[in-house]
Amino acid sequence: MSTPMKLLPLLRGSPFAFPLAALAALAIFVISEASYQRASNTIDRLGARATARTAIQTLWRGLTDAESGQRGYLLTARSEYLQPYYQAQVQVAKSLESLNTYYRSDPSTEELMNEVAQASRDKLAELAETMKLYDAGKTEAWRSLVLSNIGKEQMDLVRASSEKLLMVESAKVNVARAGLRQTLMLNRIGVTAMSAMSLLALFMYLRQTTAL
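Residue 388 in our numbering sits at position 139 of the sequence shown, with consecutive numbering throughout.
Calculated directly from the structure, the hints in this document are not laboratory data.
Accuracy of the hints is not assured; some may be wrong.
Unchecked claim - Computed cross-link-like contacts, DSS-like style, restricted to lysine-lysine with a CA-CA straight-line distance of at most 27 Å: (1) Lys413 with Lys401; (2) Lys421 with Lys343; (3) Lys381 with Lys343; (4) Lys401 with Lys387.
Stated by the list, open to error - If you anchor each label on the Cβ, the simulated ranges turn out as follows: (5) Ala390 with Arg426: 51 to 59 Å; (6) Ser393 with Val424: 25 to 33 Å; (7) Phe278 with Val339: 43 to 51 Å; (8) Ser397 with Ala283: 37 to 45 Å; (9) Tyr335 with Ile399: 38 to 46 Å; (10) Val339 with Lys413: 38 to 46 Å.
Because the structure is a prediction, the values reported are computed rather than measured.
Each residue gets a CB set at the ideal place from its N, CA and C atoms; glycine is no exception.
Produce the complete structure using the sequences and hints provided.
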């Protein structure tokens with residue numbers, strides 16, 4: 250037998266029928282408001298994690314664009330290749346700033362984020378040093394630096410650490426989605442139960458009033 254039906258004999262003729270209906274209505278409001286706040290917070294966190302994922306991908310693109318611009322300049326000596334190079338530098342700086350702000354409060358990913366940031370700065374420094382040697386006419390030096398694979402190692406480190414961060418974010422997103430589904434389900438169950446109780450109490454109150 251359901252809980253509302255069990256309460257039916259107790260509410261028949263009881264002066265507490267109307268107060269119980271009012272209390273059930275209040276409970277519905279409290280449950281709905283609490284569920285809304287939890288769901289809203291979860292959605293905000295999901296939005297922040299989506300922003301972090303975008304910043305990681307933008308960081309990759311920025312470093313790749315910076316390297317492409319540098320290579321174009323080294324091959325052609327044409328200054329128009331420097332524009333995408335400098336634009337990419339700004340893009341990388343903004344992405345790192347956004348990621349540092351996001352991960353600052355998360356000790357579990359601090360080491361990974363530090364690896365990404367340091368490798369990104371080292372990559373930009375390697376690109377800048379190569380161009381400096383090129384502009385100074387030190388052909389052997391800049392070619393040796395390009396062929397040393399230092400730049401590739403730095404890019405590989407950025408990519409590997411960033412992919413680990415993306416995996417962490419994916420896991421957190423899955424947990425948040427599961428929590429959101431649980432919140433919505435508990436809200437549904439709570440509201441349904443309180444609504445049934447409220448209607449039952451109101452029915453008994455109206456029946457009692459009619460009898461009088």
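Hint numbers not upheld by this structure, sorted from lowest to highest: Numbers 6, 8, 9 and 10 - these are the hints that the structure violates, sorted from lowest upward.
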